[in-house]
Amino acid sequence: MTRERLVVIGNGMAGCRAVEEVLKRDPARYDVTIFGAEPQVNYNRIMLSPVLAGEKTFDDIVINDEAWYRDNAITLHAGRAVTAIDLEGRKVVAEGGLEVGYGKLILATGSDPFRLPLPGSDLKGVVTFRDLDDVEAMVEASGKPGARAVVIGGGLLGLEAAYGLARRGMGATVVHLMDVLMERQLDESAGYLLREALAERGVETVLGAHSEEIVGQDGKVAGLKLKDGRVLPCDLLVMAVGIRPNATLAKASGLQANRGIVVDDVMRTSDPAVFAVGECVEHRGNCYGLVAPIWDMCRALAEELTDGEGGYQGSVLSTRLKVSGVDVFSAGKFTGGDGCEDIVFRDAARGVYKRVVIEDGKVAGAVLFGDAVDGGWYFDLMRAGTDVADIRETLIFGQAITEGLSGLDPSAAVAAMPDTQEICGCNGVCKGAITGAITTQGLTSLDDVRAVTKASASCGSCTPLVEQVIRLTLGDGFKAQTGPKPMCKCTHHPHGDARKAIVELELKSMHAVFQTMEWTTPDGCASCRPALNYYLLCAWPGEYADDSQSRYINERVHANIQKDGTYSVVPRMWGGMTTPDELRAIADVADKYDIPAVKVTGGQRIDLLGVQKDDLPAVWADLNKAGMVSGHAYAKGLRTVKTCVGSDWCRFGTQDSTGLGIKLEKFMWGSWAPAKVKLAVSGCPRNCAESTCKDIGVICVDSGYEIHVGGAAGLHIQGTQLLTKVATEDEAIQLISAVMQMYREGGWYLERIYKWLARIGLDTIRAQTVDDLDNRAALFARFVVSQETAQIDPWAERASGRVAAGEFKPMASLTLEMAAE
Amino acid sequence: MTLQVHIDPDWRDVGAVTDIPERGARRVATAQGDVAVFRTGDGQVFALVDRCPHKHGPLSQGIVHGHGVTCPLHSWVIELATGQPTGADAGKGCTPVVPVLVKDGRVLLAQPVMAD
Chain A
1 MTRERLVVIG
11 NGMAGCRAVE
21 EVLKRDPARY
31 DVTIFGAEPQ
41 VNYNRIMLSP
51 VLAGEKTFDD
61 IVINDEAWYR
71 DNAITLHAGR
81 AVTAIDLEGR
91 KVVAEGGLEV
101 GYGKLILATG
111 SDPFRLPLPG
121 SDLKGVVTFR
131 DLDDVEAMVE
141 ASGKPGARAV
151 VIGGGLLGLE
161 AAYGLARRGM
171 GATVVHLMDV
181 LMERQLDESA
191 GYLLREALAE
201 RGVETVLGAH
211 SEEIVGQDGK
221 VAGLKLKDGR
231 VLPCDLLVMA
241 VGIRPNATLA
251 KASGLQANRG
261 IVVDDVMRTS
271 DPAVFAVGEC
281 VEHRGNCYGL
291 VAPIWDMCRA
301 LAEELTDGEG
311 GYQGSVLSTR
321 LKVSGVDVFS
331 AGKFTGGDGC
341 EDIVFRDAAR
351 GVYKRVVIED
361 GKVAGAVLFG
371 DAVDGGWYFD
381 LMRAGTDVAD
391 IRETLIFGQA
401 ITEGLSGLDP
411 SAAVAAMPDT
421 QEICGCNGVC
431 KGAITGAITT
441 QGLTSLDDVR
451 AVTKASASCG
461 SCTPLVEQVI
471 RLTLGDGFKA
481 QTGPKPMCKC
491 THHPHGDARK
501 AIVELELKSM
511 HAVFQTMEWT
521 TPDGCASCRP
531 ALNYYLLCAW
541 PGEYADDSQS
551 RYINERVHAN
561 IQKDGTYSVV
571 PRMWGGMTTP
581 DELRAIADVA
591 DKYDIPAVKV
601 TGGQRIDLLG
611 VQKDDLPAVW
621 ADLNKAGMVS
631 GHAYAKGLRT
641 VKTCVGSDWC
651 RFGTQDSTGL
661 GIKLEKFMWG
671 SWAPAKVKLA
681 VSGCPRNCAE
691 STCKDIGVIC
701 VDSGYEIHVG
711 GAAGLHIQGT
721 QLLTKVATED
731 EAIQLISAVM
741 QMYREGGWYL
751 ERIYKWLARI
761 GLDTIRAQTV
771 DDLDNRAALF
781 ARFVVSQETA
791 QIDPWAERAS
801 GRVAAGEFKP
811 MASLTLEMAA
821 E
Chain B
1001 MTLQVHIDPD
1011 WRDVGAVTDI
1021 PERGARRVAT
1031 AQGDVAVFRT
1041 GDGQVFALVD
1051 RCPHKHGPLS
1061 QGIVHGHGVT
1071 CPLHSWVIEL
1081 ATGQPTGADA
1091 GKGCTPVVPV
1101 LVKDGRVLLA
1111 QPVMAD
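Chains as they are written, first to last, in our numbering: chain A, 1 to 821; chain B, 1001 to 1116.
These aren't lab readings, by the way, just hints derived from the structure by calculation. Where is the CB? At the ideal position from N, CA and C, for every residue including glycine. Some hints here could point you the wrong way.
What the hints assert, rightly or not - Below, in silico cross-link-like pairs of lysine-lysine (DSS-like), each with a Cα-Cα straight-line distance of 27 Å or less:
id	chain 1	residue 1	chain 2	residue 2
1	A	362	A	485
2	A	489	A	500
3	A	625	A	666
4	A	333	B	1103
5	A	251	A	220
6	B	1103	A	599
7	A	563	A	592
8	A	563	B	1103
9	A	563	A	227
10	A	333	A	227
11	A	91	A	56
12	B	1055	A	809
13	A	91	A	144
14	B	1092	A	489
15	B	1055	A	489
16	A	144	A	124
17	A	599	A	663
18	B	1055	A	676
19	A	676	A	725
20	A	227	A	508
21	A	485	A	592
22	A	500	A	227
23	A	489	A	454
24	A	563	B	1055
25	A	663	A	489
26	A	809	A	755
27	A	809	B	1103
As the list claims (entries may be wrong) - Covered stretches of chain A, going by a simulated chain B footprint (3 or more residues, C-beta under 8 Å):
id	stretch
28	154–162
29	262–272
30	541–550
31	768–782
Said to hold, decoys possible - If you want a taste of the chain B side facing chain A, the calculated C-beta under 10 Å gives, among others:
id	residue
32	1019
33	1040
34	1044
35	1070
36	1077
37	1090
38	1093
39	1096
40	1101
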């Protein structure tokens, strides 16, 4: 009997897999002919990355060698592209005029790498990353000593290309348009970790970068120019910005195609004898570039071609990155969404980040970094739509723990654990080690156990488990945990830990803190974010970029929000001094912008109340014109320096208190602090400037200046304590700045100076700023450095329209449009 | 987020997603008052009437974290998807949700319904 002829166009993964699936079901049904444009046998294209990296050879990635074609009596035309399909006559025409008739035809033409139409993209040394020729060109380029590569595209393919080139000894830089690597698969936290992991492996990344032009020299690529003017020199440029389905042949032959070749659920095209599988198809509007859906399609197609049942329903996607030692998994709705909940786990010691998204009691997606062994399990739960309500508590710890504990109440489960069961993954402490330490050393609290065994001493995520073990061992003898309060519900770390880690571990971004300190939320909360933003700003002046979205509204818009959503504006009046011109300008502004209230403040300045947010930049511009700048009346930072008139006018004045106040304010304005800081300088002990209830106060006496600290007159009434007396104005300014810097570096966010003082003690402050003059000088020097980037008038920046322009006007106004209807 | 709606003339284009800062919000002025349009850290867009159920603070001025916003006046935390206060304030009133749709990077807003 003559077999029906099955012709396959495409000798790649999809084409060959389809044939394999058909042969598996009915080996005797078809006489198979395969056309391949590449001259090789079928190889595993996904494994090109390890070949590039030198971790595998081409032979390792061959899926079907020549023997396979021979044994299955398949005719292979390798290196022979099909040029036309005659649907009427049911035959294909290949290069060289070869014509082959078919009973059934499978198109598996795959996809083409997308090339950005940049000037210079035709230069020598510009390649894509798609086939063996590309890999060979890349390997050859990497052979030149000192060669550099730039890869455009921070997706899966681009990163694998860059990693492979770095492994080959090339300096590799990835240029990515978005702010997060693999943004379609990863959230920001995982993206941050990936960036770090790649940097350790010699791959630099430039994010948010727009490519403008490929620069050449003598017809060869020499660098990539970015829109911001930077030029990244390179000898090889890899474009890995995506793929598009190759539907050219199908379109030319008259088959229906949009982005890809349109197929139904049995992979049939618009012609009943023609089928398509793989990256070239468009199924229910979707095109796929990953391997799992292709396997699904091949199965569905094979069923159809062998009279089986089934069909393809589309695929739920998951992704794994193939970079050695970097375990990354992503699937489903990994960023959450409406009605979704996040469960987040971080283990900084192992560089692990896991996020599982739950929707309607089911797993809706997951991102795993550093430990992706449970990726498959989450993916199965997700696809099966399993209700996970009962295993929610332990879900994030993975399959082994969850299934080990299921069906037991927590304390019974812990009691049932063998002594060898690991409780603390960070420090490798098993249950037996904890119970043993408790009984032999008479431990009674979590802190004891932490100190002796290290269990739960790192990330703290096993704390409930450790407490269970202690409770079971001791019964009523267990003392519940006390200790420093965590910053907020996002972390178990207190403020002090965070400050210390930022400096000692050189954490320079919010995401670095979240990961290293194992935050349990994806992006913090309104309580930890402003604190961390300040800590980072204080630790890395000039280096850390202030995150305005982590600022309270008052600091974000440099004005004070009022109960009705309007703002108040307080220009600076140095030392409480003003002039007729300034007052006239203030009066004009109040008139011009219909400002309903003008009030004299307790800090010797003038407050304009009830300003509309949209008017703020214009109000500031007018005040700037009259020489006034922001008074930072909204800041966790230096606010006012209140003064009395001192020796200039007062018959009791001992020193020029006004002059010193102005000098202090001019020197210290703009500095951010853990909480608001108010200063005052009184010219004599009558203390008309009320120095003894300020955060830092000066009382002038005949022989010099008394420096007082730690006063408050708000929620708490607190008199200052005398720190010391100094002889000169310069010394007073240096000492006050040193105290300020010590507070800036050591205070907890929202902790006023008086609370900070109560916590660390006046003696500590005195030892470091009065007794130890070297330390005082060092503190002063750090304050000076920090002021270099702090003293920019935020009002002028915003009045110019160059900074935060979107903040002060609505995104859109539908007022007129809707009113007209 | 996925909203199963058809685009009809009631949807208004109010700008690009990228006009809203990440982990931030913008106001849209309407005849019935401001609408707050939020963009979360994971790139999703939500919209609420710009008014906290507590003392009517402008939610667009709050700090956005996760899928919530903290009101700038008294730190109530409002869930962006539902307009419900969370934590200790749960159940004390609700901010109306404004249907919002993202299409081709543009933010489309339904005509808001203001409830007292």
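Each hint tested on the structure:
Proximity of residue 362 of chain A to residue 485 of chain A is assessed by CA-CA distance (about 33 Å); at most 27 Å being required, the pair is judged violated. Only pairs whose Cα atoms come within 27 Å are accepted, and residue 489 of chain A paired with residue 500 of chain A is accepted, the gap being roughly 19 Å. For the suggested pair residue 625 of chain A and residue 666 of chain A, the alpha carbons sit about 19 Å apart, so the restraint of at most 27 Å is met. As the CA atoms of residue 333 of chain A and residue 1103 of chain B are separated by approximately 18 Å, the hinted pair is consistent with the 27 Å bound.
Simply put, residue 251 of chain A and residue 220 of chain A have alpha-carbon atoms about 35 Å apart, too far for the 27 Å limit, and the pair is violated. A threshold of 27 Å between alpha carbons decides the hint, and for residue 1103 of chain B with residue 599 of chain A the separation of about 48 Å lies outside it, so the pair is violated. Only pairs whose Cα atoms come within 27 Å are accepted, and residue 563 of chain A paired with residue 592 of chain A is accepted, the gap being roughly 23 Å. A threshold of 27 Å between alpha carbons decides the hint, and for residue 563 of chain A with residue 1103 of chain B the separation of about 36 Å lies outside it, so the pair is violated.
Restraint check for residue 563 of chain A and residue 227 of chain A: the C-alpha separation of about 44 Å exceeds 27 Å, so the hint is violated. Between residue 333 of chain A and residue 227 of chain A the alpha-carbon distance is near 33 Å, which puts this suggested pair outside the 27 Å criterion. Under the criterion of a C-alpha separation no larger than 27 Å, the hint pairing residue 91 of chain A with residue 56 of chain A is inconsistent with the structure, at around 39 Å. Taken as a hint, the residue 1055 of chain B and residue 809 of chain A pair is honoured in the structure, with Cα atoms around 23 Å apart against an allowance of 27 Å.
A threshold of 27 Å between alpha carbons decides the hint, and for residue 91 of chain A with residue 144 of chain A the separation of about 48 Å lies outside it, so the pair is violated. For the hint linking residue 1092 of chain B to residue 489 of chain A, the alpha-carbon distance of about 22 Å falls within 27 Å, and the restraint holds. Straight-line distance between C-alpha atoms of residue 1055 of chain B and residue 489 of chain A comes to about 25 Å, which keeps the hinted pair within the 27 Å bound. Between residue 144 of chain A and residue 124 of chain A, the direct Cα distance comes to roughly 15 Å. Compliance with the 27 Å bound is thereby established for this hinted pair.
Between residue 599 of chain A and residue 663 of chain A the CA atoms are separated by roughly 25 Å; this keeps the pair inside 27 Å, and the hint holds. Proposed proximity of residue 1055 of chain B and residue 676 of chain A is supported: the alpha carbons are some 25 Å apart, at most 27 Å. Under the criterion of a C-alpha separation no larger than 27 Å, the hint pairing residue 676 of chain A with residue 725 of chain A is consistent with the structure, at around 24 Å. The suggested pairing of residue 227 of chain A with residue 508 of chain A holds, with an alpha-carbon distance near 26 Å, which does not exceed 27 Å.
Taking the CA atoms of residue 485 of chain A and residue 592 of chain A, the gap is about 49 Å. The hint is violated against a cut of 27 Å. Only pairs whose Cα atoms come within 27 Å are accepted, and residue 500 of chain A paired with residue 227 of chain A is rejected, the gap being roughly 38 Å. With a C-alpha separation of about 23 Å, the suggested pair residue 489 of chain A and residue 454 of chain A falls inside the 27 Å cut-off, and the hint holds. Between the alpha carbons of residue 563 of chain A and residue 1055 of chain B the distance comes to roughly 8 Å, so the proposed pair stays at or under 27 Å and holds.
For the suggested pair residue 663 of chain A and residue 489 of chain A, the alpha carbons sit about 42 Å apart, so the restraint of at most 27 Å is broken. Between residue 809 of chain A and residue 755 of chain A the alpha-carbon distance is near 39 Å, which puts this suggested pair outside the 27 Å criterion. A C-alpha spacing of about 23 Å is found between residue 809 of chain A and residue 1103 of chain B, which places the hinted pair at or below 27 Å, so the restraint holds. Coverage of the stretch 154–162 of chain A by chain B is violated [criterion: at least 3 residues with CB-CB distance below 8 Å; count 0].
By the rule of at least three residues with a Cβ nearer than 8 Å to a Cβ of chain B, the coverage given for the stretch 262–272 of chain A is violated, with 0 such residues. Counting residues of the stretch 541–550 of chain A whose C-beta sits closer than 8 Å to any C-beta of chain B gives 3, which meets the bar of three, so the coverage hint holds. Residue count for the stretch 768–782 of chain A with a Cβ under 8 Å from a Cβ of chain B: 0. That is fewer than the three needed, and the coverage hint is violated. The interface hint given for residue 1019 of chain B holds, since its Cβ lies 6 Å from the closest Cβ of chain A, which is under the 10 Å cut-off.
For the restraint placing residue 1040 of chain B at the interface with chain A, the shortest Cβ-Cβ distance is roughly 8 Å, inside the 10 Å limit, so the hint holds. Taking 10 Å as the C-beta cut-off, the interface hint given for residue 1044 of chain B holds, the closest approach to chain A being about 6 Å. At a threshold of 10 Å, the smallest CB-CB gap from residue 1070 of chain B to chain A is about 3 Å, leaving the interface hint in force. For residue 1077 of chain B, the shortest C-beta to C-beta distance to chain A is roughly 7 Å, which falls under 10 Å, so the interface hint holds.
Taken as an interface hint, residue 1090 of chain B does not check out: its beta carbon lies about 15 Å from the nearest beta carbon of chain A, beyond 10 Å. A distance limit of 10 Å between C-beta atoms decides the matter here; for residue 1093 of chain B the minimum to chain A is near 17 Å, and the interface restraint is violated. Checking residue 1096 of chain B against chain A by beta carbon gives a least distance of about 16 Å; that is not within 10 Å, so the hint is violated. This hint is violated: residue 1101 of chain B has a C-beta 12 Å from the nearest C-beta of chain A, more than the 10 Å allowed.
Violation of the numbered hints given earlier is confined to hints 1, 5, 6, 8, 9, 10, 11, 13, 21, 22, 25, 26, 28, 29, 31, 37, 38, 39 and 40; the remaining hints are satisfied by the structure.
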